[in-house]
Each structure stands twice: as C-alpha cells, then as structure tokens.
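With chain A fixed as given, assemble chain B onto it according to the hints.
There are 2 protein chains.
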Amino acid sequence: MTLLVTTFLDRARDHAPDREIVDYVDGTCVRRSTYREYDARVRRLAGALRELGVRPGDRVATLAGNHHRHLELYLAVPLAGAVLHTVNLRLEPDEIAYVVGHADDELLFLDVALRPAAAPARAARPGMRVVVLDGDPEPGEMRYEDLVAGGDPVHDPPPRGEDDLAALCYTTGTTGAPKGVGYTHRALCLHTMAAGLADGHAISRRDRVVHLVAMFHANAWGVPFAALMVGADQILPGPSPRVADVATIIERERATYLGMVPTLAVDLVAHARRTGADLRSLRALVLGGSTPSRELIRAIEEDLGVSAFQGWGMTETSPMATFSRPEPDAAPAKRYAQIQTQGRLLPGLQWRLVDEDGATVPHDGVARGELLLRGPWVATGYYRGERPEAFVDGWLRTGDVATIDPEGRLRVVDRTKDLIKSGGEWISSLALEAALLEAPGVADVAVVAVPHERWQERPVAVVVPDAGGVDPDAVLAALEGRVPRWWRPDRVEVVDALPRTSVGKVDKRRLRDTVGGTHNAAEADASRVPATPS
Amino acid sequence: MTLLVTTFLDRARDHAPDREIVDYVDGTCVRRSTYREYDARVRRLAGALRELGVRPGDRVATLAGNHHRHLELYLAVPLAGAVLHTVNLRLEPDEIAYVVGHADDELLFLDVALRPAAAPARAARPGMRVVVLDGDPEPGEMRYEDLVAGGDPVHDPPPRGEDDLAALCYTTGTTGAPKGVGYTHRALCLHTMAAGLADGHAISRRDRVVHLVAMFHANAWGVPFAALMVGADQILPGPSPRVADVATIIERERATYLGMVPTLAVDLVAHARRTGADLRSLRALVLGGSTPSRELIRAIEEDLGVSAFQGWGMTETSPMATFSRPEPDAAPAKRYAQIQTQGRLLPGLQWRLVDEDGATVPHDGVARGELLLRGPWVATGYYRGERPEAFVDGWLRTGDVATIDPEGRLRVVDRTKDLIKSGGEWISSLALEAALLEAPGVADVAVVAVPHERWQERPVAVVVPDAGGVDPDAVLAALEGRVPRWWRPDRVEVVDALPRTSVGKVDKRRLRDTVGGTHNAAEADASRVPATPS
Numbered sequence: 002m003t004l005l006v007t008t009f010l011d012r013a014r015d016h017a018p019d020r021e022i023v024d025y026v027d028g029t030c031v032r033r034s035t036y037r038e039y040d041a042r043v044r045r046l047a048g049a050l051r052e053l054g055v056r057p058g059d060r061v062a063t064l065a066g067n068h069h070r071h072l073e074l075y076l077a078v079p080l081a082g083a084v085l086h087t088v089n090l091r092l093e094p095d096e097i098a099y100v101v102g103h104a105d106d107e108l109l110f111l112d113v114a115l116r117p118a119a120a121p122a123r124a125a126r127p128g129m130r131v132v133v134l135d136g137d138p139e140p141g142e143m144r145y146e147d148l149v150a151g152g153d154p155v156h157d158p159p160p161r162g163e164d165d166l167a168a169l170c171y172t173t174g175t176t177g178a179p180k181g182v183g184y185t186h187r188a189l190c191l192h193t194m195a196a197g198l199a200d201g202h203a204i205s206r207r208d209r210v211v212h213l214v215a216m217f218h219a220n221a222w223g224v225p226f227a228a229l230m231v232g233a234d235q236i237l238p239g240p241s242p243r244v245a246d247v248a249t250i251i252e253r254e255r256a257t258y259l260g261m262v263p264t265l266a267v268d269l270v271a272h273a274r275r276t277g278a279d280l281r282s283l284r285a286l287v288l289g290g291s292t293p294s295r296e297l298i299r300a301i302e303e304d305l306g307v308s309a310f311q312g313w314g315m316t317e318t319s320p321m322a323t324f325s326r327p328e329p330d331a332a333p334a335k336r337y338a339q340i341q342t343q344g345r346l347l348p349g350l351q352w353r354l355v356d357e358d359g360a361t362v363p364h365d366g367v368a369r370g371e372l373l374l375r376g377p378w379v380a381t382g383y384y385r386g387e388r389p390e391a392f393v394d395g396w397l398r399t400g401d402v403a404t405i406d407p408e409g410r411l412r413v414v415d416r417t418k419d420l421i422k423s424g425g426e427w428i429s430s431l432a433l434e435a436a437l438l439e440a441p442g443v444a445d446v447a448v449v450a451v452p453h454e455r456w457q458e459r460p461v462a463v464v465v466p467d468a469g470g471v472d473p474d475a476v477l478a479a480l481e482g483r484v485p486r487w488w489r490p491d492r493v494e495v496v497d498a499l500p501r502t503s504v505g506k507v508d509k510r511r512l513r514d515t516v517g518g519t520h521n522a523a524e525a526d527a528s529r530v531p532a533t534p535s
Numbered sequence: 002m003t004l005l006v007t008t009f010l011d012r013a014r015d016h017a018p019d020r021e022i023v024d025y026v027d028g029t030c031v032r033r034s035t036y037r038e039y040d041a042r043v044r045r046l047a048g049a050l051r052e053l054g055v056r057p058g059d060r061v062a063t064l065a066g067n068h069h070r071h072l073e074l075y076l077a078v079p080l081a082g083a084v085l086h087t088v089n090l091r092l093e094p095d096e097i098a099y100v101v102g103h104a105d106d107e108l109l110f111l112d113v114a115l116r117p118a119a120a121p122a123r124a125a126r127p128g129m130r131v132v133v134l135d136g137d138p139e140p141g142e143m144r145y146e147d148l149v150a151g152g153d154p155v156h157d158p159p160p161r162g163e164d165d166l167a168a169l170c171y172t173t174g175t176t177g178a179p180k181g182v183g184y185t186h187r188a189l190c191l192h193t194m195a196a197g198l199a200d201g202h203a204i205s206r207r208d209r210v211v212h213l214v215a216m217f218h219a220n221a222w223g224v225p226f227a228a229l230m231v232g233a234d235q236i237l238p239g240p241s242p243r244v245a246d247v248a249t250i251i252e253r254e255r256a257t258y259l260g261m262v263p264t265l266a267v268d269l270v271a272h273a274r275r276t277g278a279d280l281r282s283l284r285a286l287v288l289g290g291s292t293p294s295r296e297l298i299r300a301i302e303e304d305l306g307v308s309a310f311q312g313w314g315m316t317e318t319s320p321m322a323t324f325s326r327p328e329p330d331a332a333p334a335k336r337y338a339q340i341q342t343q344g345r346l347l348p349g350l351q352w353r354l355v356d357e358d359g360a361t362v363p364h365d366g367v368a369r370g371e372l373l374l375r376g377p378w379v380a381t382g383y384y385r386g387e388r389p390e391a392f393v394d395g396w397l398r399t400g401d402v403a404t405i406d407p408e409g410r411l412r413v414v415d416r417t418k419d420l421i422k423s424g425g426e427w428i429s430s431l432a433l434e435a436a437l438l439e440a441p442g443v444a445d446v447a448v449v450a451v452p453h454e455r456w457q458e459r460p461v462a463v464v465v466p467d468a469g470g471v472d473p474d475a476v477l478a479a480l481e482g483r484v485p486r487w488w489r490p491d492r493v494e495v496v497d498a499l500p501r502t503s504v505g506k507v508d509k510r511r512l513r514d515t516v517g518g519t520h521n522a523a524e525a526d527a528s529r530v531p532a533t534p535s
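Residue numbers (the numbering used here), protein chains in the order written: chain A, 2 to 535; chain B, 2 to 535.
Looking at chain A on its own, in the form it has when it is part of the complex (with noise of 0.2 Å):
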C-alpha cells in the first residue's frame, strides 16, 4: 500500500473523530473543534483547491501563525495533490519573495498580518492568487472561509505516488541563498513512525500536544502529522504567545507534550519558578534548536517536576533525527549529561562521522568529524538541485561537528563553518561558549571567528550580562583551567542581546560582520549588535 500523509486523514476522522483541536490567542482559548469536523473542512478546502485550478505537484504556500486554519492546510493541500510550501515569515520580505519564485508558488494563504511581508513576493508575482486566512479580503483577495464553506469535498484525492512530494520548506541557512527541502509522502509517513517511537519522541493517542515550535519550520517538527496519525489532541498556541501564555495553556489544556527552543525554556521555567505554575501535566518538554544547558535540564527535571528530553534534526531530516532519551536508572547528575547530548540516532536512519579528506571517524566519544546521515526520511538533494556539493553518495553533509561516543551518543560540538582555526589547530567554538557560559555574570554569549595576522584566526567571545552585570576580564579569568589557555578569547564584547537568525539561532555572520575584527570590548555597545525579534 502506497504511504501517502493523506491517510492520516481519514485516520483522525476514523479512529479519533471526537479529539480535539484547540486554538488560543493570548493565552485565551477561542476555538474548541474536533477531528470529524476539521475532516470535514478539510476536504471541502481541497474541493476549492481544486476548483481554483491547483493541480496535482502544484506548490501552494502559507505564510501563517500556529492555528488551526494552517494546521487544515497541511492536509488540505496534499489532499488536492499538491505541495505545501510553509513560508518563514520571519524572513526579510525580499527572501520571501525569493522563496516563493523560487518555489513557484501557485497560491498564497496569507495571514492579513503578514501583508507587508508579502508585498513583494506579491509584486513580483501578479498571477499569484492569495486568500486571507483571517480579517476581509482585499480586492483581489480571496477569504479563506468562503473556500471552506463552497468547496466540493474531496474523497478521492488524485492519485499520488509515496515519492511525490508533499511539502517544501525552505531551510534558511547562513551560507548563500535559502535552499528548498521538498518532503515526499514517504519522507513524512516514515518520520511520523518515527516520530511515535517509544525510544523516540513517542507521540501516542494519550498525548494533548502545543505547537510551539512555528509551522513553517520543518513542519513544526513534524508533530501535526504524528498527532493527527495517532489521534492526539493538538493545541494551538497563536501568534508569538507570551511565556506566560504557554503556562496557562498548559495548566488549563493539561497538555501533555511541548516541544521549543532553550532560550524560551528558560524563560517558561522563571516563569513557573515566580507563578507557581503546575506544569507537570506534561509527560516531556523537548528542548530543540540549540544545546540546553545542564541547569535547564535540572530546573525542567527538579523544580518543574517535568522529564526533558532533547531533539535534534535539521530542516533537511524531516526534522527528526536524534532524541537524547537517557536510561531509566541513570542518576541526577548522569542524567542530566545525558539529556545534554543530541541523543540517539532514530530506528530507520543512518549515520556516519567522516574527517576532512571523507575518511571514517571512530564512534569513540572523542574523535571528531563531520556529521553525515542518511535514511527515508533525510534529503537527498535540494529543491531544483541547488548546492549538490551538500550531498555525497546518497548521505546529507550536515555541516555538523559532532563526536559520537560508544553508547551511540551524539554530541554537535560545532558547525564546520563555526570552527575557529588558530596557529593550525581547531578552537570549537560551541565548547568556548560552554565554558563561557558557567562564567559570573554571563546569561548568554556567542564565540566568532575574527581574522588575525599571525594566527590566522582568534575568538572573540560576545556575552550578553545578567541582571547583575558582567566583568569582562572575570569572564577570562573564569576560562582559566577550563579550556586550553589558548583557546581564550582576545576579547570579550558586551551586548544586550545576540543577533538571531529567523528561526532564533545566533546569527553568527551578522555577529562576525559587527565584531570583525577592528573592534575592542570598551567600543562595543548593544546597538552594533541589534537584536532581531525571535
């Protein structure tokens, strides 16, 4: 039998027609629906597709919020046989008018917020119909809700082979261009297995899940489609919800599985810490994005009484690739390290770790070497064969620096492009940050590469303060016995905040263009490094 994300339709309506969707905005619920009527809206939505003239393989895309009318597009335009291209509405509006020619995107679903975004992928694309998701159209514009309400339920969605694709995103790396990952109908039916591992993140019917994690980012990890596969309730948080908006989400859903980001972790866990928050209502709280530290893990684990994972993947692996599941009678502190590692490779990929010259790297918790993977669920190419240096034989370079230890263990110790190379030998960067990191003063900091004359490169460490303030020189002399004497910094710059990427990572060009070389500590101040809303 063909494995087609659209049967994860008729599966919700089937095996779970009485499970919820629900969608907040501001922390209020405003919406309580169920799966027998998002299955109804859903087929009448691909009936409007159709009847608008989308064709099978024909890209549509969103530039949507986290709510329910985006989560019906993702199975509304695999049911008409297209592709659903979710648009990153934090790029600047010239990226997305390049992603969306790129792309050659048929439709827009557009929430009337993100209007000024949209402007010139509109511009330079007239023939490109767009429906507003909410508020009133504009001349021209379609309403969302009138395409529900006309449209012609679709029960025999065009045939579509499991090598179809039936999304695109668009990863937005720091290197060149945005580059298109297209998702087939096998890519994602065997993630969202994967997804349901007990070892993995075990996304079963008992779980009432938050889409935290915004659904233009590799399909907000896939979890919309493991819920809707195993008969979960979903939540739906809305546009940019406050820290305290996640809390009462969670205290009034009971939900049971949250997936984000450290940065805002550790945010919900002051927040739990200064309300009281009972969160234990959740069974996991993945952290995703970047590395948490070991006192997030603890705060997650001890003072929200709530098990943290972590996962890893990238846009390119669908994204789920590694879960940091630590044994079950492995103490606090050992633990904690555990969980601190990207964890796991998932049942059906494979990987390896290859040094410079493409030789085979020992899994010995030491040795380094870039990060290669392959499986059903990981890319084989760009959208359009953009940069096919990025793929050698089938496996995806991940541009990971990672040691893999004899447990299986993954750790990412840096980007390749990260990696510092001073006097001939490799600094890593995200071990500087580590160590910088437990040192007084410091809430967050970025290592960059700046050009040096003798050495080739040196680091410059950028440390946002705590409420405390922070002491450049105590922050070098607190590196002392912690990392290789050479290894530290020439500077240390503060900020107030680290410039981030549209999906909330350090945007270390940005970071390596202000502080590159001509700058000194007492020079820098927060408005070099702007920070970009996250």
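Keep in mind that the hints are not guaranteed to be accurate.
What the hints assert, rightly or not - Residues on chain B that point at chain A, a partial pick, calculated with CB under 10 Å: (1) T8; (2) D11; (3) G197; (4) L198; (5) A203; (6) Q351; (7) V355; (8) G359; (9) G409.
Derived by calculation from the structure, the hints in this document are not laboratory data. Positions of the beta carbon are idealized from the N, C-alpha and C atoms, including for glycine.
Just chain B now, kept in the frame of chain A:
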C-alpha cells in the same frame, strides 16, 4: 533509501553492540552473548550460505525452537539475499513435507530432536541439504557451527529491493492445506516500526524481551526484529519451557516484555501465586492468540502487579494489527474491559467491516461484519497465488466477525466459519463461550455447531471442568439472562481437555467431527476429545 531488514543488523552492531542475547534451557542460563558477537556470527553464516550456493530469492527452511541459532538465521538468511521459511514444528510430519515442498526449500536447518518430524520432507526432497543446529550431524548432514566458523563474512549483501521477500510463514488454517504468507523487506520494516510505537507494543531500547512465542509463529510476532532495531536485549527460553522456567527467567533476567497465549498466562499467574515469584520487572505482559478472560487480566494487573495488554493479528498481518491499550485514567473494571477488546488498529493499517454482500457495516460497537484489513504489512495474496478468494480489491478478508465501537476498539466476536446459524439467526459461538466461562465449575469451553434437522444448526458446548468438577445442568442454568434463551446449547459435554491446533488454538474442526450430531452429554468422555500437547 530502500527499506531492508538487513539494516537492523547494522543497527544492532553499531548502536547496541553490548546488549545481550541470552539462552536458557529448562530454566537454566546456558549462554550469554552480545550483538557484537551476533553480528559477526550472522555475517559468517550468511557467507557460508552463499558458499553453499544459496542464491538471492532461494528459500531456506528452519525447523527449530527458540534459541540463539534460530535468531541468527533470522538475519543471516536475508543477508544472503534468501527467504527465511520458519516451519511450524507442531505440524504433522506429512504437513511439514507439504510446506517444505510447496516453498521449494533449498536448505533445511534442523534441531536434532526434530529429525523425525522432518523425515518425510527429506525423503520427498533428496536434493535438499540439511544442517543440524545442535548435536552431531549424521552422514550427509552439515553442522551449524562448522558453517559459522568457516563462512566468509558478508559485508555487502546481494542487492535486494524492498518488495523482495525476506521471510515466509505458512498459516495453519483449519480449512484446506497450509497457505504461505510471504513477508517483503518493506512489510517487515514497517511492521517493526509499528512494533516500536508508543501506542502499540512500544518495544524500546529499555526492554529485555522474552521470546516465549514460537519463532516459527509469524516471526515470533516480529519481536526479534523489533528488538534488533531498537537494541533491546533478547532472552530465548529454549525448547518447551515449563511455566516455572518462565517465571525463573523473568525474575533472574529482570525481563520487561513478554508475549504469550492466555492459557499459559493462567498457568503463570497460578505459579506466581503459589511460589510468590516476583514478575514486576515486566512492563508489559501481552496476551495474544485468543481473547483473555476478564479474571485473567485482573489477576495479571492486581495479583502480579504487571500491566496486561492484548495484541491481535494473524500470520497474514505480520502479525501485529491491533493493540489494546486502556485509557490511562480508566477505573479498573473499565480498564479490564478495554484490555479485553482486541484494541485499536495500529497506525499505518486500514480496516473495514462488511456484511455478507460486501457492504460496509457501521462502527457502532453493535453491528457485526467480517473484518477486512489493508496496509503495508498486510498480505495481498498467498504464496504462489493460492486461495485468491481470501483477498478482495487489495483487502485481506480475515474471516473474523467483529464489531468496532465508536472509540475504535475492535471486538472479534467470531470466526465466520464458527458462527452458528440457527433458525435463520446467527449465534455467536465466541459470545456463548464467554458466557459459559463465567458458569460455575467451567475452566475452559468451546462451542461448536452440530447439524439439526429443524433449526439447521444448534450449538453444543464442550467444557473442561475446574478442580471442583462441573455440573452440566448448572452450567446451562448459569446462562439464564446472560444470552438469548435460544442460544442455550442443546448439550454440554464434559472433557478433560480441548483439542488444539499446532499453534494452540482450539481445533473446532476436530471438535465438530467428535461431537457431531450423535452424542449426548452422558456419552461424552475425555477419550473422545484428546488433547494435543501445545
């Protein structure tokens, strides 16, 4: 990437090299090994198979108990590109000859104790080479350990497609000759993913599984493949373990997962009650093969302190198809009732209930229909195309009559051929058996139809008394108000044991032949219905 079961071997070696394979014989541990050693032995064995001339697609038979060598063949045969045909060692010797001939097996791996059972098959196929798994080879036979010692390790298996067969089992249908069910690499891979789902058997790296289910029986429910994929420990209890041996294994090995038929579970509960055996290391005792009684479920959960589940499926479904996981917050009585259903359909599969005309029957928990199944690990035909009428439009006709409630829980109420048509109305022999099991003095029961001049068919009950003995009149009286009056069996026959098929199911065909029409309760005695050792 192609889905191949042979990747499970790579995964066990690379991700769980130190996890264990443990052999027991008669409750005594006789061998401990690791996946590292397993991998090396399997690769050498596969090399030996190649050197013996086994070509991709060839069938290789096993007639063997549950031990590490059988587990090695599970992977070595596919690694040689061939098809593992696990022969049911409880078949009659002439039936074994039939299936070995039908499969056209090139090679037979044999426990020496089973030489007599294999004799007719060998006589009929003088060209089939034979390897003895234990003991000394007779002239013309080879020794297993010689192959393992001498084989050239296979690291590059012959290319196989995911639709190529990796394994083959014959059903022991009660109608006609055994029929072959071929398992493709793809089917086994997807079935294995399903075995790891948190909503299913949830087999994970944390598990230490015991293979009490025969390894010839639908690949021991597919659990060996699942354990390899996730890196769980595997414990093999050897030939014909007694219930005391099983309890010893669980206690000594801190086993976590055990699948078994309800009949054995009854004995295990009784044994634990008698001896105080502590079986609480089990996270799951999964019952399969027939519907467990409410009392058995209660006893497992309350007396043993172990979570009970029910798995349901058939050889044609690889075999896992449904799993009865109760709602987490259900009160005990409701919990036991939920476990007693056959449970929910595993993600990836589809089902329908149809009436005699093939029309869909509602999932209202009341309407009955024949269960049809479809999915990536459901057979779409028998080996060599036999009995095509068991399949319709890609759906497997299970031959089971069932209801599905609005919550998606399956209840198998009968086999189509076990329904009793009396006066134009259907009597469910399974429902009648369930009611009879609650009657005083009844330890076990089977209901069969006997021809009747006026009513066409009428039910006859065959009961096994408990230690206190049984009074047929009291049994009939106990049915009052529990089943429709016209369901009341015409006779109650008392026997020492029920005849069983080679896989432990009540052999209704033999029962019908025995009780058919001419006997009455006074005539019945145990000698008429001899028990088959199972």
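- Taking each numbered hint in turn, which are not upheld by the structure, reported in ascending numerical order? 7, 8
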